[in-house]
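Student: Listed in order, the protein sequences are those of chains B and S.
The C-terminal residue of the first sequence carries number 503 in this note's numbering, and the numbering is unbroken.
The C-terminal residue of the second sequence carries number 666 in this note's numbering, and the numbering is unbroken.
Calculated directly from the structure, the hints in this document are not laboratory data.
Incorrect hints may have been included.
[What the hints assert, rightly or not] Over 12 angstroms on every C-beta distance to chain S, these chain B residues come out as not near it, computed from the model:
(1) T14
(2) F22
(3) P55
(4) I168
(5) T196
(6) R254
(7) F291
(8) Y336
[To be verified] Stretch-level coverage of chain B by chain S, calculated; a stretch enters the list once three of its residues show a Cβ under 8 angstroms from a Cβ in chain S:
(9) 111–121
(10) 402–408
The beta-carbon is built from N, C-alpha and C at its ideal position, and this holds for glycine as well.
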Amino acid sequence: MLKTLLDAFALISTWEVIIAMFAASVYGLVIGSLPGLSATMATALLVPVTFYLSPIAAIATIVAASSMAIFSGDIPGALLRIPGTPASAAYADEAYAMTRKGQAELALGAGVWFSAVGGIAGVLSLMILAPPLAEIALSFSTYEYFWLALLGLMCATLVARSSPVKAIAGMFLGLLVSCVGIENPGGVPRFTFGITDLFGGIEPIPALVGVFAVAQVMRAMLTPEPPPLPRRKFGSIMAGQWKLTKMYHWQMTRGNIVGIIIGVLPGAGADMAAWVSYAMSKRFSKEPEKFGTGHVEGLVEAGASNNASIASGWVPSLLFGIPGDTIAAIAIGVLYMKGLNPGPTLFTEKASSMYAIYLMFIIANIMMIPLGIAMIRVAAYILLAPRSTVMPIIMLCCAVGSFAIGNNMFGVVTVAAFGVIGYVMEANGYPVAAMVLGIVMGTMVEQAFVTSLIKSDGSILPFFERPVAAILAAMAIGALLWPVMVWVWRKVKQPQTAAAASR
Amino acid sequence: MRLPDSVTGSFLVVLGAAAAYGGWILPPVPGQPVGPNVFPLVIGTGLALCGLAIVFGIGHSFEEEEELIPLEDGQAAAPPPQGKLYGLRALLPPALLLFYVAAADRLGFIITAAIMVYITSTALGAKWKLALPLAALSPFAIHLIFGKLLRVPLPAGLLPTPW
Numbered sequence: 001m002l003k004t005l006l007d008a009f010a011l012i013s014t015w016e017v018i019i020a021m022f023a024a025s026v027y028g029l030v031i032g033s034l035p036g037l038s039a040t041m042a043t044a045l046l047v048p049v050t051f052y053l054s055p056i057a058a059i060a061t062i063v064a065a066s067s068m069a070i071f072s073g074d075i076p077g078a079l080l081r082i083p084g085t086p087a088s089a090a091y092a093d094e095a096y097a098m099t100r101k102g103q104a105e106l107a108l109g110a111g112v113w114f115s116a117v118g119g120i121a122g123v124l125s126l127m128i129l130a131p132p133l134a135e136i137a138l139s140f141s142t143y144e145y146f147w148l149a150l151l152g153l154m155c156a157t158l159v160a161r162s163s164p165v166k167a168i169a170g171m172f173l174g175l176l177v178s179c180v181g182i183e184n185p186g187g188v189p190r191f192t193f194g195i196t197d198l199f200g201g202i203e204p205i206p207a208l209v210g211v212f213a214v215a216q217v218m219r220a221m222l223t224p225e226p227p228p229l230p231r232r233k234f235g236s237i238m239a240g241q242w243k244l245t246k247m248y249h250w251q252m253t254r255g256n257i258v259g260i261i262i263g264v265l266p267g268a269g270a271d272m273a274a275w276v277s278y279a280m281s282k283r284f285s286k287e288p289e290k291f292g293t294g295h296v297e298g299l300v301e302a303g304a305s306n307n308a309s310i311a312s313g314w315v316p317s318l319l320f321g322i323p324g325d326t327i328a329a330i331a332i333g334v335l336y337m338k339g340l341n342p343g344p345t346l347f348t349e350k351a352s353s354m355y356a357i358y359l360m361f362i363i364a365n366i367m368m369i370p371l372g373i374a375m376i377r378v379a380a381y382i383l384l385a386p387r388s389t390v391m392p393i394i395m396l397c398c399a400v401g402s403f404a405i406g407n408n409m410f411g412v413v414t415v416a417a418f419g420v421i422g423y424v425m426e427a428n429g430y431p432v433a434a435m436v437l438g439i440v441m442g443t444m445v446e447q448a449f450v451t452s453l454i455k456s457d458g459s460i461l462p463f464f465e466r467p468v469a470a471i472l473a474a475m476a477i478g479a480l481l482w483p484v485m486v487w488v489w490r491k492v493k494q495p496q497t498a499a500a501a502s503r
Numbered sequence: 504m505r506l507p508d509s510v511t512g513s514f515l516v517v518l519g520a521a522a523a524y525g526g527w528i529l530p531p532v533p534g535q536p537v538g539p540n541v542f543p544l545v546i547g548t549g550l551a552l553c554g555l556a557i558v559f560g561i562g563h564s565f566e567e568e569e570e571l572i573p574l575e576d577g578q579a580a581a582p583p584p585q586g587k588l589y590g591l592r593a594l595l596p597p598a599l600l601l602f603y604v605a606a607a608d609r610l611g612f613i614i615t616a617a618i619m620v621y622i623t624s625t626a627l628g629a630k631w632k633l634a635l636p637l638a639a640l641s642p643f644a645i646h647l648i649f650g651k652l653l654r655v656p657l658p659a660g661l662l663p664t665p666w
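Next comes chain B alone, as it looks inside the complex (with noise of 0.2 angstroms):
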C-alpha cells in the first residue's frame, strides 16, 4: 500500500506530468470561461495532444482540464449570465443576481471553494468505491457484463432531458456506428460499403470532436455573439468562504453525495448533477423564497455537486469501460490507447497508476483554488475575445487533431460528418450524449451479447440464471419500462384532475 502510494508519487513527480497539468488547467480554464465551448469539447480537444505524452501525463491533462473547465463555467454564468459550460446553467440565474446585488466576489468565491471540495469528495469516493466493487466484478461474466452495459445505456435515456424515446433512438444510433468495420464476431466486413477506411471501424474520438467541437462551431454560425462583459474590480474572492462553509456544511455534504451518486450513473454528468442538486436546495432549504434573488445556499450546494460529479464520474470508467459521462467516454478512449485497458484488473495489475490518478484528482482540485482566483480576476480581459477569433481556432484544432489520430485524412472527414450529425440531432431533441455513449460502449456490449448467446447455445435463460446477473437484469428492464409507467401514470392522473375539476 505505502510503496504503490510511492510509486505513484514517483510517476507524477516527473516534470513532464507537471507542466502538463499545470498548462491543462489554464486550458480547461479559458475554454470552460468561454461561453458556448463547454468541458466536454475541450477534453475531446486535447486528446489528440495526448497522442505524444505518457500514459500518466495524458490523463493529468484529462483530469486537469476537465476540473477547471467545469468550474470556470461558473465565472460568465456569475458575471454575464450566460453559463460557460452547461454544468452552470442550473444557477447562472441566481449567480447573476448575486452580481447585480453587488456580491459578484461572494458568488465567484463559492464557485471555486466549493467546487474544490466537491472535487476532492468525489476522488474520496472513487478512491472508496473504486476497490471493493473491483472485488466484486472480478466474478462478473459475459452476462453481468452485458445487463451492466445495458443498464448503463438506458440510464443515459432516462437522465436526458428529452423525449426518453428519441434517446433511446439517439443510443440505437450510437450503437449502430459501433457495428461499422471488421471488428465483429465473424470479422467480416460490415456495413462498410466496400469502402477501404471504414475497415477499421469509426474511431470514437474523431466521432466525439465532431459532435462536440464542431457541431457547436455551426451552432455559433446562426446565434447572436454574447454581449461583452462590462469591466469591474474585485474585492477579495475568498473572503466569507469559511463562514459559508459552515453555514452550509449539511448542503454541501448533500451536493457532494448527489453529485457523486449521479457521476457514477453513466452517461448522467455534472450538468445533471447541477440540476438535480439546485432542485433539491430549494426543497429543502429553510428560506426557499430567497431562490432567484441572490441567495448562496443553492450555489453552495450545485457548485459542490458538479464538481464532485466529474471524479466519481470515473468509478465506472475504470471498473467496466462504462462512461460515467462524456467527459469519461473521451477518457475511456485515451485509457485503451495507452494501455490501461479499463477493467477490474487495473486496480492490481496497475496499482500504482490508479493511486497517480487519485493524487492527480487531488491536485488538480487543491491547484484550482489559487488558479481559479487568478481566472476570476483575469476573466475580463479573456472574455473580451470575440468569438471570430476564437471558433477558427477550434476548427483549425479540429482539422488538425482528428487528422493527428490516424495520421489520415479520414479522421477529418468523420469530424465533418458528426458535426453534421450532432448539430440535426441537437436541433431536433435527440440527446447527443445517448449517441456518443452507444458509440463508446457499442463493441463492448455486443461482444458481452454475441459471447452470452453462444455461450447459452442461443437461449435466453441463461440470462438471467446468475443472482447478480437477474438483479441488474431487473434493473435494467425497470429502467425501459420507467418512462412508460410515468406516462400511464399521467394519464391515469389526468382525467381524475380533469374530473375534480368538472365537478
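Given chain B, work out where chain S should sit, using these hints.
Tutor: For chain S alone, kept in the frame of chain B given last:
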C-alpha cells in the same frame, strides 16, 4: 434546422430497416447459431420501432422546450436576419473541413488553414482588419504546436514553413 418529428422518425424507420436487412444478409459463422448478423438485426429493429414511435408522437410530452435566457433591461439583441439561405450558414464549418481534406495535400497546411480561418472568421462577423492578421498568424501557431512540437506530419504543399 428543426424538422417535424414525422420526418426524423420516418428517416429512423428507413435507417433501422436498412440496418436490419444489412445484418440479415451478412454471412454467418459456419457451425454457430450467432455471428456478426445478430447485433445489427437487433439494433436495426429497435431503431425502426423507435422511429415509428416518434412518428406517432409517443414520448413527445416528455420534451422540454429549450429556454432561451432573455437579455436583461430590454437590451434585446437585433434579431438575426432570417432569409431562406440563412440556415445554410450552419453547413459552412463541415464544408470547410471537407475543403481541407480536398486541398491540404496540394496547397499545403499553411495556405489551406489560412483560407479556413479567414472564411470562418468573416462568417462570424469579423472585419477584414481582424480576420486577415488572424488568418496570417494562427496557421503558423497551430503548425508550431502540432507540426513542430507534436510532430504531426502536416502537408507542406506550396508554402513550406521556415522550421
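Student: Evaluate each hint against the coordinates.
Tutor: Quick rundown of the hints versus the structure:
1. T14: holds, 18 angstroms
2. F22: Since the minimum Cβ distance to chain S is about 16 angstroms, F22 (chain B) lies beyond 12 angstroms and the statement holds.
3. P55: At about 16 angstroms from chain S, P55 (chain B) clears the 12 angstroms cut-off, so the statement holds.
4. I168: violated, 5 angstroms
5. T196: holds, 16 angstroms
6. R254: Check passes; 25 angstroms lies beyond 12 angstroms.
7. F291: At roughly 17 angstroms from the nearest Cβ of chain S, F291 (chain B) sits farther out than 12 angstroms, so the non-interface label holds.
8. Y336: holds, 20 angstroms
9. 111–121: violated (count 0)
10. 402–408: Three-residue rule met by the region 402–408 of chain B, so holds; n is 3.
Checked against the numbered hints above, the structure violates hints 4, 9; every other hint is satisfied.
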